[in-house]
Amino acid sequence: MNGHVKSMNFQQFMEQATTLLSLLLVMAVYSTRTVAASRNQQCGNPLQQTLKLSRLIQKETVDLIKTYKVSQGEMSELFCKVSVNNIPDPNISGMETSEKIVSIYTHLQDFLPHFNRVYDQQTDLQSSTSPLLTELNNVRARSINLAAHINNLYQSLFPNVPVPEPAGRPTTLPPPQNVFQQKVYGCVVLKTYKELLLNVSRELRILKSKMCTRRIQKKHFF
Amino acid sequence: MGSGRALQLLALAFLGSALPARVEADSYLAIVPQSPVLEVGTNFTATCVIINTSEVTADDLYWILFETTVPVEQYTKINESALNVTVAITREESEWLFCQCKKDVLFFQNNGKLVHGIYLQKGYVPGKPENLSCEAVQQQQYISTNFSCKWQLVGRQTAAVPTSYTLYAAVLFMQIYNETTQTNRANVKLGDTFPHHMTLEVWVEAHNKLGKIESEHLKEDSGWFVKPDPPSDVKVFSEKSFPTSLLINWTHLIPKERVKLTYQIRYRQNGTQNWTYVPPRDTATDIKSFRLQGLQPYQVYETQVSCKNARQGLYWSTWSTTATKRTPEARPASIPDLWRIIAEGDSASERRVHFICKDPVLANGRIIKFDIKIQDPKEKVKNRSLEWDSIPRSSQRTITDLKQIHLADQKSVQAIVTATNSVGKSAEASLVISEKARERPPVEELKVWPHSGQLWLEWKPPISTELSEYVVEWVSEGQTDWQKEKRNTRSTAIKGPLEKFVCYKVSVYPIYKGWVGKPASKEAYLEQGAPSERPVVRLQDKPGRNQALLVWTEIPQGSRRGFITNYTIFYTSGSETHEITVPANTTSYTLKSLSGNTKYDTWIKASTIGGSVTSFNHSFTTLIYAPGEMEFIVVGVSMCFLFIVVMTMLLCVYKKDVIKENFWPPIPDPGESTIGNWSPEYPLKAETQKDSGLSGISVLDVDVGDGKCVFEEDKAGLPLKKDKYLSEEHSSGIGGSSCMSSPRQSVSDSDEGGDMADTTASTVQYSSVVAASSGYKGQTPNAPPQQAFFSRSESTQPLLDSEENQDMLLQEGSRQSKRFPPRQPRFTDSADSAGIAEQQELLEPLDFCPLGEDSEHATPVDGQAADWLPAPAPLSSYMPQLGGYRPQ
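So the protein sequences, as listed, match chains A and B.
Take the first sequence: its position 58, counted from the start at 1, is 58 in this note's numbering, and no numbers get skipped.
Take the second sequence: its position 6, counted from the start at 1, is 1006 in this note's numbering, and no numbers get skipped.
The reader is advised that the hints may include incorrect statements.
[Unchecked claim] Residues from chain B that face chain A, not an exhaustive set, calculated with beta carbons under 10 Å:
| # | residue |
| --- | --- |
| 1 | Leu1172 |
| 2 | Phe1173 |
| 3 | Met1174 |
| 4 | Gly1191 |
| 5 | Asp1192 |
| 6 | His1196 |
| 7 | His1197 |
| 8 | Thr1199 |
| 9 | Glu1201 |
| 10 | Asp1221 |
| 11 | Leu1253 |
| 12 | Pro1255 |
| 13 | Lys1256 |
| 14 | Lys1260 |
| 15 | Lys1513 |
It is worth saying that the hints were derived from the structure and are not from the lab.
Ideal Cβ positions, reconstructed from N, Cα and C, are used throughout, including at glycine.
Can you build the whole structure from these sequences, using the hints too?
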């Protein structure tokens, strides 16, 4: 009798365990597929657009620096070798992807006031039809677009974590400068921004390789 | 229904509180809703509310729509002060809806306060715009921020309810730009710079007073909408070591970081129409150069390039400017196109063979020269060492004259030709001219016809396994051209340039493994037109009376411009134009049934199927008489005249007695007169039996022995039995003269008087003197002398006849004389033979004496007559009788 009861209990336990395992298996498969689907989406258009845009800005920044040097007159090479304080750091910080993305976003936001300052300064120094102003405006506008892309990318990858604003680290703009200082300042800003874009592009490529490689592996796995 | 009712009550409640304040001073009626915008095709319900008066109730109200009273069936009475109406909105035009009071008295007393109207604006709900498309064009190295879109309008709209369209272009995560328009296209400006690598969402919203609706949203990368400019600086390079390849280079202003482009390349041989497209997979990558392969050497190629955004770009650019380049030369890849022209030789058994040649189809370069070798086909193995003749290629023409030889009809010959360009020499082309008598059979049932600007041929092949190809040759005005066709060809078109209105002799030669067979030939025109030269029409000879032979010149071959189908001859005499159509091979025609002595204009029209040309007029006049007709008439008239003459003569000959009797009635012979017997005791009837043939001649034959007989004959010659002649002592004569010229009045049978006198020129009145005396009768010796009577006979016998018949009469006289020869001796036996002889001499001229002589002798005779008339002696009385005739 007892044996029979024990046997019955064991059978019930086994049935419950089997049900539980089945449920866990289904959940695991489902969760894996969800992550894969999310990563597949990020490997697609938004990430590629972000990477392309960063390359475009990088290319346009290189052109912009050339144009800047040409438009500043003599000793333009000298301007760009002078170090200037209070310029945002072009290096991407953070170890995790989310941290790096936030760092990119923060740096882009940090550079915008400097771009505006340089644009204002060059507006006084250049004629209104100067290609430098056009290119400056383009780079500034694309930086805003890139920041929007990074924000979107972050939200898509980490939808439950808000993008941290650069609070407590207000952008410091230089005090009023003379023309020489303006020229030096502008060139340093552009050069630093170019470095930032170089870093951004690299990080995005890494991110893309991670996302799209995993996607491919998942594809093979399933 | 319940909800609708509740809404109405709600509206009424609203009216009760809001409207009275506004319309109180204006009207006792108010309509809810005010100024509605209605959709055509729906039903509309309005409520008329009575305000601030108790003079009217809802029963006193009625509705008017478009000047027509709305039927009561469409009314719904809500209460004593509110009346609903439901109308169908069918017309598009806006109109007024009135609520009015039926009581006229009240209506006018209240000065219009018992009427209220609302203006119904009608329209349609906007339709959903379709087929939205947008583009951003390239500007230098940038893309324009001017974003241009267009779409297709859907649905209807009215003037009262117009539909507007607002174009939205949203840069995702950034900004939305919009532009409103009334049409189907709009532009929006996407900020200061084109948002590369951003997602654009574009849509159109159609909206009006009745609602709004959005088109489908286009959500694509901004590059999707970019329409780039075509590549610039397209250049093509050739490399001598690659005669079948060309290298294309180009540039593009847009950096690939902005828009990554993909390219499309097409090329074609210069002068051809169809482009060859490079497969897209070969140009899908980001390239700035491309190598075209598999081209023909030494050919000019045109190349164009276009581009679009590589990432699902929507718009291809236009094609770039054409870059042209010739591929390098290569060795001729095909044999030269060898042919021959055969003409008559100098002798009858000889041919003149002229070898001609065109460049190889795959010349792969500029042919510099041709090498030709002519040999006997049967001895070609032996004559391998024959030398080649080198002929430079013609620089002006595509056909090069190679060589001309004289070939006997019994011999055959083989020509071998190679073509050479700057790179090398072609393979050998061979052509064999066989013996004339041993030419292979021709193709059959050759047909040639123009179609779609080409001359088409069709034939049936000869039955032969050796048939290798065909040569289609066309010759015109000494110019020969040809093309070769494969052995399985049954129909083809002449590919060479042909001229319109030129006659081509098209021949198809079967080639039997290099041996030329007999040709089949046809003539054909690419297009036919009216002849360029007029035929000249004229008359072959002088025109006849009813016909004329027209001849016209044949139009020269070069001027015909088509096959002459027929000639149409026109001729007219002024009133009606006749036309006659004759076959094309006719060059003369005889116009018949013409009118004589009429001027005719004639012309001729030469016709082809492409038109006709008319000759100049030629005029001629037909003859009055046909040739020979005049001669026929003259001969006929002459023959008739001659016949009449002959007949008359015959009549005269055979009927001379009748004629004589009619025209020369018997003249009583005075000598035989029996006047003496006219007395009743001498019956006349016995004397009528006498022969009257002797009446014209009276020979007084005094035969004493036969005096009675004489008297009998005289009686027969007396036609003077007619009463009028029975006059006594009367004489008549011409013009009153008489041989006897009696002064006494004579009586004749001519009652016509002067008329008769006019005929005296042709008639002679004869007087017959009959001396009925006893002496006359008394010639009979036995008869007692009787009283002598003088009687005269009259006759209208023409004197001319008498003269013409003088001989006859003489004969008659002589015959008569012969009848009485026995009597002459009797004269001789008379008492005075000399007197008788004298009497005979006087008797003969009695009938035949000329008038003149008679006239000369008349007077003395008359005198004598006057003297001797009373004389009683018989002889003396007889003699004056004779003398009495003579003067006539």
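*Given aspartate 1221/B was flagged as interface, is its beta-carbon under 10 Å from a beta-carbon of chain A?*
With Cβ-Cβ at 7 Å, under 10 Å, it holds.
*Quick one, is the histidine 1197/B hint okay against chain A at 10 Å, beta carbons?*
Cβ of histidine 1197/B sits 4 Å from chain A, so the hint holds.
*Interface hint compliance - phenylalanine 1173/B to chain A, C-beta minimum distance less than 10 Å*: 4 Å, holds
_Given a cut of 10 Å on the nearest C-beta pair, is the interface hint for glutamate 1201/B held or broken against chain A?_
Since the shortest Cβ distance to chain A is 13 Å, the answer is violated.
*asked:* Hint validation: histidine 1196/B versus chain A, beta carbon distance must be below 10 Å. Holds or violated?
replied: 6 Å, holds
*So, methionine 1174/B near chain A? Judge it on the closest CB pair being under 10 Å.*
6 Å, holds
_Less than 10 Å between beta-carbons is the criterion; does aspartate 1192/B satisfy it with respect to chain A?_
6 Å, holds
_When the least beta-carbon distance from leucine 1253/B to chain A is tested against 10 Å, hint result_ = 13 Å, violated
_Agreement of hint proline 1255/B with chain A interface, Cβ distance less than 10 Å_ = Nearest chain A Cβ about 6 Å off; hint holds.
_Interface hint for lysine 1513/B, Cβ within 10 Å of any Cβ on chain A_ = Because about 66 Å separates lysine 1513/B from the closest Cβ in chain A, which is outside the 10 Å limit, the hint is violated.
*Report holds or violated for the interface hint on lysine 1260/B, using the least CB-CB distance to chain A and a cut-off of 10 Å.*
Check passed: Cβ of lysine 1260/B comes within 8 Å of chain A, closer than 10 Å.
*Under 10 Å, Cβ to Cβ, is where glycine 1191/B needs to be relative to chain A, so tell me if that hint holds or is violated.*
7 Å, holds
Figure legend: structure checked against the earlier numbered hints; hints not met, in rising order: 9, 11, 15.
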